[in-house]
Amino acid sequence: MGLLILMALNCFCVMFLNKKDQTVAVVNCFGMWSAFSLMYWGGSGVSRESLSELFCVDIYSSSMISLSLWICGISILVSSCMINLRGVFNTYLVLVTLLCFLLVQCFMVNTLAMFYVLFESTLIPLASIIGIWGGQIERIPSIQYMAAYTVGGSFPLLLIFTTMEVHAGSSFMWFISMKTSLNWLFWGGCFLGFLIKLPAFPFHSWLPKAHVQAPVGGSVILAGILLKLGGYGITRMMMLFSYTLESFGILVMSFSIVGSVYGAFMCLRQSDIKKLIAYSSVSHMAFSIMGLFSCTEVGMVGAYIMLVSHGFISPGLFVLSGINSEMVHSRKIKVMSDGVRAAPSLGFFWLVMIMANLGVPPCPVIISEVLSVVCVIALYPWVFVLLLMYFILSGAYSFSLYCQLTRTKKKIKMKVFFNEVTLKDMSALYFLFYPLAEVLFKWDLWAMM
Amino acid sequence: MQMLSMIVFLVMSLMASIAMLFMSSIFWVWVMTDVGTLFLIPFLSAETRPKKSWFTGVATYFVVQFFGSVMILGGIILDWAIQATDCSSAMMCFGFALKLGMVPLHFWVSRSFVYFHYGGIFIVGAGQKVFVVACVPLFSDVPLCAYAYYLMAVGSMIYGPIAMFNAIAVKSFLAYSSVTHTGFLVIGSFFGLHIVYAYSFIYCVSMAFLVFMLWSGDCKFMKNLGSELPGYYKTGFVCIAMSFSGFPPFLDFCTKFVIIQLSMEQNSTITITAVLTSSLINLIVWVWVLFIVTSSEVKEPGFLSGTTGQNVLNMSCIIWNLFMGAGFSMLY
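Residue numbers (the working numbering), protein chains in the order written: chain A, 1 to 449; chain B, 1 to 332.
Hints are computed from structural coordinates only; laboratory data are not their basis.
Since this is a predicted model, take the numbers as computed values, not measurements.
A couple of the hints might just be wrong.
Partial selection, computed: residues in chain A whose CB lies under 8 Å from chain B [stated by the list, open to error]:
(1) Gly131
(2) Ala147
(3) Val151
(4) Glu165
(5) Val166
Derived CB-CB ranges, DEER-like [said to hold, decoys possible]:
(6) B:Ile162 x A:Ile137: 18 to 26 Å
(7) B:Val312 x A:Leu9: 25 to 33 Å
(8) A:Val24 x B:Ser295: 27 to 35 Å
(9) B:Phe323 x A:Leu6: 47 to 55 Å
(10) A:Leu38 x B:Gly231: 43 to 51 Å
(11) B:Asn267 x A:Met239: 55 to 63 Å
(12) A:Ala35 x B:Ser316: 58 to 66 Å
(13) A:Leu9 x B:Ile319: 43 to 51 Å
(14) A:Glu246 x B:Leu144: 41 to 49 Å
(15) B:Ile319 x A:Leu6: 22 to 30 Å
(16) A:Phe186 x B:Pro143: 27 to 35 Å
Cβ coordinates follow ideal geometry from the N, Cα and C atoms, glycine included.
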């Protein structure tokens with residue numbers, strides 16, 4: 001509650017600042033709120049700092065809260081550098097702050113009913129961001145896709161918490177129900193909305209459309225935190241209904257394994273950088289799903305490492321693609337190489353982010369992938385063949401991407417709009433590296449004691 | 001003078017409709033319904049520049065309402081004379097469904113609405129229907145008629161938003177929106193009159209805001225909504241659109257949630273499925289409308305740029321859609 005009050009008061013104060021100072025003020029506020037949210041990291045179990053009638057925070061929610069605040073700040077920082085953010089920038093600040101406010105509450109609330117309301121409410125600011133600052137006319141169908149998938153997929157969840165309210169009188173999430181024989185239809189209803197949000201194969205088709213149409217800041221938020229709502233929701237539902245390894249979970253894991261290979265294969269085929277990063281997200285989220293549905297502590301740790309790491313790496317890729325595509329006014333990878341040649345420092349950053357995305361040590365993604373693979377192989381060893389295919393394909397698309405971006409074929413005239421990248425442009429990227437290092441050293445944070 | 005006559009006839013129609021709510025006999029309900037409809041005819045006919053089109057709309061409306069009334073009266077007489085309950089209930093069910101414009105008897109709604117003025121659309125599409133729904137006997141003696149009435153309501157809820165997608169004219173869009181909400185009202189009537197009254201109030205106020213904003217811009221075609229709708233009302237319209245989309249925490253989500261809750265208590269799976277299906281299609285339709293409205297090449301005044309009255313109306317609309325949902329949930 002203290003964090004929410006602090007956020008509201010800060011926003012109220014920022015309203016009275018000069019419009020030119022508001023951007024810097026809001027970014028600083030996000031930094032401060034992120035620091036404040038670290039108070040909730042009290043280890044596993046419920047944090048004493050945030051116990052109240054409405055809210056309750058444990059390590060899973062507190063890590064998501066810190067991620068939300070950090071990513072929303074990054075989104076504002078990167079958008080303030082973009083020249084293609086037309087219109088009144090203050091509207092963007094308001095929408096991102098509102099979205100962050102909804103997300104923080106979403107990760108804090110006690111009841112499934114409020115969680116559902118906030119889960120759906122996060123669609124509104126994001127749809128507005130895509131609608132106002134999206135580049136093309138196709139943004140309308142992409143928003144319809146996203147809204148229909150998310151809202152339609154979570155209708156079963158609406159029915160579930162309504163049933164809880166009607167029959168039990170409350171949808172309090174911290175009750176742990178006795179394990180009873182619940183069929184796969186019930187589990188499907190519980191998890192469908194969150195699997196679509198993650199997004200899990202085969203419900204992933206909305207994500208590339210949304211990413212392509214969204215501005216850079218919107219893609220940062222979507223990839224950085226909104227997809228993680230799905231993972232968090234799955235965790236809460238599992239805790240609430242005492243989910244153990246079931247046939248439904250094995251089916252989901254099977255789809256995820258196929259999805260990871262499919263996502264990596266689709267990345268190889270992409271010429272649009274944003275679609276490539278979107279399909280890469282589908283592949284990585286598959287590992288989170290595998291970890292979560294394996295119902296092991298190792299799997300849970302692996303899943304959350306992936307969720308948090310991906311929350312920093314994917315936005316980093318989008319930041320780089322935003323800067324690079326602004327230089328050449330195109331999202332085609334082959335055209336973007338002109339920008340990399342004009343500003344060679346970009347090539348270095350691309351290398352670092354591609355390696356982080358691939359899971360090259362010391363990036364924490366490798367820890368997550370290893371832990372998730374261990375969980376899945378424990379169930380059925382021959383799955384390793386498919387996972388091996390994934391590792392080969394992900395290496396191939398990462399290598400292909402880097403080669404295309406940094407090809408040295410000489411051209412007479414380089415078509416770039418500006419040929420230097422300043423510290424201000426890259427500041428968003430620097431702020432993404434630090435938390436990755438933190439995750440690397442604190443990777444066992446989500447292990448239950 | 002014309003405005004005065006419109007108000008007079010409207011008030012008389014309203015009085016007849018209120019009187020209808022207190023009638024205990026179905027015959028007097030029929031009488032008051034018809035009296036209300038008759039007084040609406042001059043109201044609907046009032047046009048500052050009379051042209052053939054108003055006659056077409058009012059004539060269509062009058063003929064359909066007359067035919068529906070004949071069916072209801074026929075049913076009442078049959079029941080009184082020879083106690084043929086099945087036949088009389090079937091005739092009354094048909095008559096009420098026709099008057100309400102429920103699927104598949106909704107053919108007249110769009111044809112009439114296209115020729116009405118916006119005041120007429122609000123009164124016929126929201127005001128009148130609310131009173132009629134509250135007075136319909138639910139045919140509990142004849143389960144077949146009750147099921148038919150219920151299924152027509154379900155059909156209206158699902159068909160309405162699909163037809164809204166294909167609407168070219170704004171008034172046609174409002175017509176099918178009215179069909180959808182009539183379905184919701186009738187479904188609500190199966191759970192109790194208190195739901196009908198609550199939902200009616202909410203629906204009428206929301207439609208009043210919507211219709212007033214569209215009237216102020218003299219909006220004709222859906223594709224031109226972005227340029228025709230006044231800039232100072234756009235924020236309010238966006239809130240209405242988000243509410244009708246079914247996004248929480250807006251008002252319409254809360255009302256649908258209450259219906260779902262009641263359906264769950266009574267294990268009414270068909271209602272739950274229908275409400276959810278209708279909500280999903282509504283979401284897609286209103287997202288489409290939202291983007292038509294917010295995409296405008298014309299540079300126009302923005303939020304709080306109108307007169308005091310216009311700004312008050314705009315703010316009221318925003319507050320109504322954003323906060324009344326929570327208020328309604330707490331009250332209920």
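May I ask which of the numbered hints given earlier this structure violates, with the numbers listed in increasing order? Structure breaks hints 9, 11, 12, 13.
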